[in-house]
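Add chain L to chain S, keeping to what the hints say.
In the order they appear, the protein sequences are chains S and L.
Counting in our numbering, the first sequence runs from 336 upward without gaps.
Counting in our numbering, the second sequence runs from 408 upward without gaps.
Hints listed in this document are in silico derivations from the structure and should not be mistaken for laboratory results.
Since we're looking at a predicted model, the values are computed, not measured.
One should not assume that every hint holds.
Unchecked claim - Take a look, some chain S residues computed to stay more than 12 Å from chain L by CB distance:
1) Glu346
2) Thr381
3) Asp387
4) Glu391
5) Ser398
6) Thr401
7) Asp433
8) Glu465
What the hints assert, rightly or not - If you want the ones that stay clear, here's a sample from chain S, every Cβ over 10 Å from chain L, calculated:
9) Pro352
10) Pro354
11) Pro389
12) Ser422
13) Lys442
14) Pro466
Stated by the list, open to error - Under 10 Å between C-beta atoms, here's a sample of chain S residues computed to sit facing chain L:
15) Phe344
16) Leu350
17) Glu351
18) Ala366
19) Cys375
20) Val386
21) Val407
22) Glu408
23) Val423
24) Arg424
25) Pro431
26) Arg444
Glycine is no exception: its CB is placed at the ideal position from the N, C-alpha and C atoms.
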Amino acid sequence: MSTATQIPFVEYLNLEPTPHLVANECTSCGARYFDRRNACAGCFNTEFTSVDIPTEGVLRSFSIITFAAPGVEVPFVAAVIDCGGTSVRANIINCPPDPEHVSLGMKVRLATTVVGTDSAGVEAVNYGFEPA
Amino acid sequence: MSRSDDIWILGIHMTKFGKHPNLDVVDLGAEAIHGALADAGVTMADIGIIAAGNLLGSGSIAQQLQKQVGQTGIPAYNVSNACATGATALRTVIMAVKAGEVDMGLAVGVEKLAGAGLLGAGGKPKADNDEWARNGRFGAVGPVDGRIGTESMPGVFAQIGMEYGHKYGGADFELFAKISEKNHSHSTLNPLAAYNKAMSLEQIMNDVMIAYPNTRPMCSANCDGAAAAVVINGEKLKTLSLEQQRRAVKVSASILTSDPWQEACQVLPDVNTLTRNAAHQAYEQAGVGPQDLNLVELHDCFATAELVHYDNLMLCDEGGAVDFFESGAPYRDGRMPVNVSGGLQSKGHPISATGIANIWEVCQHVRGEAGDRQIEGAKVGLAHVIGLASACGIHILERSAA
Numbered sequence: 336m337s338t339a340t341q342i343p344f345v346e347y348l349n350l351e352p353t354p355h356l357v358a359n360e361c362t363s364c365g366a367r368y369f370d371r372r373n374a375c376a377g378c379f380n381t382e383f384t385s386v387d388i389p390t391e392g393v394l395r396s397f398s399i400i401t402f403a404a405p406g407v408e409v410p411f412v413a414a415v416i417d418c419g420g421t422s423v424r425a426n427i428i429n430c431p432p433d434p435e436h437v438s439l440g441m442k443v444r445l446a447t448t449v450v451g452t453d454s455a456g457v458e459a460v461n462y463g464f465e466p467a
Numbered sequence: 408m409s410r411s412d413d414i415w416i417l418g419i420h421m422t423k424f425g426k427h428p429n430l431d432v433v434d435l436g437a438e439a440i441h442g443a444l445a446d447a448g449v450t451m452a453d454i455g456i457i458a459a460g461n462l463l464g465s466g467s468i469a470q471q472l473q474k475q476v477g478q479t480g481i482p483a484y485n486v487s488n489a490c491a492t493g494a495t496a497l498r499t500v501i502m503a504v505k506a507g508e509v510d511m512g513l514a515v516g517v518e519k520l521a522g523a524g525l526l527g528a529g530g531k532p533k534a535d536n537d538e539w540a541r542n543g544r545f546g547a548v549g550p551v552d553g554r555i556g557t558e559s560m561p562g563v564f565a566q567i568g569m570e571y572g573h574k575y576g577g578a579d580f581e582l583f584a585k586i587s588e589k590n591h592s593h594s595t596l597n598p599l600a601a602y603n604k605a606m607s608l609e610q611i612m613n614d615v616m617i618a619y620p621n622t623r624p625m626c627s628a629n630c631d632g633a634a635a636a637v638v639i640n641g642e643k644l645k646t647l648s649l650e651q652q653r654r655a656v657k658v659s660a661s662i663l664t665s666d667p668w669q670e671a672c673q674v675l676p677d678v679n680t681l682t683r684n685a686a687h688q689a690y691e692q693a694g695v696g697p698q699d700l701n702l703v704e705l706h707d708c709f710a711t712a713e714l715v716h717y718d719n720l721m722l723c724d725e726g727g728a729v730d731f732f733e734s735g736a737p738y739r740d741g742r743m744p745v746n747v748s749g750g751l752q753s754k755g756h757p758i759s760a761t762g763i764a765n766i767w768e769v770c771q772h773v774r775g776e777a778g779d780r781q782i783e784g785a786k787v788g789l790a791h792v793i794g795l796a797s798a799c800g801i802h803i804l805e806r807s808a809a
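Next comes chain S alone, as it looks inside the complex:
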C-alpha cells in the first residue's frame, strides 16, 4: 500500500470518499461550471453552490489525438461525456485508443490515474473515464 500523499490534478476533482467531480452550480438557473465564474454565463446570477457530478456517463463525442503539444503522450482519446445531463471533458483511459474500442454512445465511468510525483513526494491524481 502506498503511503504517498495525493492531491487532485484539478480543483474540481474530489478524491474523498471516492473520486468524483464537483461543479459550481448557479443557484438561480442550475447551470454548472467546473471553473470559477464571476457570474453565471447563462443568467448573470453571482451565487453558486457545490454539486457532485455522477461518476457514470455516456460517450457523446470523441477524437483520437495523434498529434499534440510536446509532453503529451499520444495517441490518446479526447472525449465529451454526458454524466446525467452534465457535460464533462476528459480522456478515455484504460482502453485501447482506436475506433474499434471507442464508440459513440458507449457507457463509461470515472477512473483515476497518477500524473506524476513532485519533489516532496506528493502524487497528483487526474481523472479520466474508462469503459463501464
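Positioned in the frame of chain S, the structure of chain L alone reads:
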C-alpha cells in the same frame, strides 16, 4: 457626406494563397489593398476608414499598412476575432459606412502561416523537482491539454463533427473524408488556392492521421495570404461610373454573432448555435432563404466542421446534413455548391484573410468573373466564418441590378 442603408462591395482582391517566403505581412497586405483599390477604381484619398486584422502579428497592422499604401490620417481600427478576424474587419467598416460617418472604407486581413504547426494546443509543463502549484481557473497543477481532453483545433473540431454523428447518425470517417475529397477536387479549378491537386478518397483516408477522424488533408491548410475589400454606400455609388455600378456587389446581409451560453459550451465549443443565429438574422436581413443561394463558402476548417454547417446554415433540414451531402447537393454541379474555391482544406486558411477571401470568392461568381470555376448564372451567395471562442460572421452578397 452621403448616407444610405445600401451597402456595396466596390472592389475586392485576394492574393495567391500559399508560401510567400520573400513577402512579409505588410507586403502581402499592401498587395491585397492595391488590388482592391484598383478593382474599385478609387485611391486611398477616397477611403474614410480602414480596419485591419493580423491575428498572429505584433499589432497595429492597419497603421503598418497605411505606411505602405497611404497615410491619410483616417481612423484605423486593428481588429482581432480569431478565425473571424477578416469578417470582423469588414463588418467594422460596414458599420461605419452604414452609420454615415464615411462614404467609403477599406477592410483588410493578412496572415503568414506557412510552416506553422498544430494550432491551439499547448500549456506550460511543470519543471522537474518543483512542487505542485495550482494555476488557472481550474486550479490545475499541470497543463490540462492532453490530460483532460484536447485543446488542439483538429481534435476540437473532430469532436464537433463526431457529436453530430452521435446525435443524428450516419457520420463516419469515410463520409468526412468524402467531404474533403469534394473540396480538394473543387480546388483544381482555383489558381489562387494553396493546393490545387485532386486527392482520391483512398489517399485522404490513408494520409497521416492528425485527430481521428481528421487526417492531414482534412485539416485546413496553413499558408500565407491576404484579402482586402472596398466598401461603399448606395448613394455614393450612384455618383460613380456605370461600369463601377455594374461590377459593385450588394451586401444584402452583414452579421456577426458570438456564442450564447449552452450547457456543454464549457467543455466543447458550441459552433452550432451562433452560426444558426447568424444565419437566421442574415436570411431575414437579406430577404432571401437558403433555397435562393447559388453558392455557399462556409468555414470548413476541418472536414468534420463542414458537415455541421450544412445544418447550421439551414442548407438542409435539421439533422439532414449526411443525406444532404450524399445527395450530391454541395458539389459544384449540385443544387447547392459549397466551397467551390476548394475551401480552407485546399484553398488554405491564412487566418485573418479568410473572412474576406470567402467574400471575394462569392463576388467573383455573382459578377460572372470566376473563370473556369464559374457557377453559371450565380446571383446570390453566402460567405460564413467561425472564429473559435467564438465568433461567427455571415455575409450574403448579390449581383448588382445595374
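Now for the hints, and whether the structure bears them out:
no.	hint	result
1	Glu346	violated (3 Å)
2	Thr381	holds (15 Å)
3	Asp387	holds (17 Å)
4	Glu391	holds (17 Å)
5	Ser398	violated (4 Å)
6	Thr401	violated (5 Å)
7	Asp433	violated (8 Å)
8	Glu465	holds (15 Å)
9	Pro352	holds (21 Å)
10	Pro354	holds (14 Å)
11	Pro389	holds (15 Å)
12	Ser422	violated (4 Å)
13	Lys442	holds (14 Å)
14	Pro466	holds (16 Å)
15	Phe344	holds (6 Å)
16	Leu350	violated (13 Å)
17	Glu351	violated (17 Å)
18	Ala366	holds (7 Å)
19	Cys375	holds (8 Å)
20	Val386	violated (14 Å)
21	Val407	holds (3 Å)
22	Glu408	holds (7 Å)
23	Val423	holds (6 Å)
24	Arg424	holds (4 Å)
25	Pro431	violated (13 Å)
26	Arg444	violated (16 Å)
Checked against the numbered hints above, the structure breaks hints 1, 5, 6, 7, 12, 16, 17, 20, 25, 26 and satisfies the rest.
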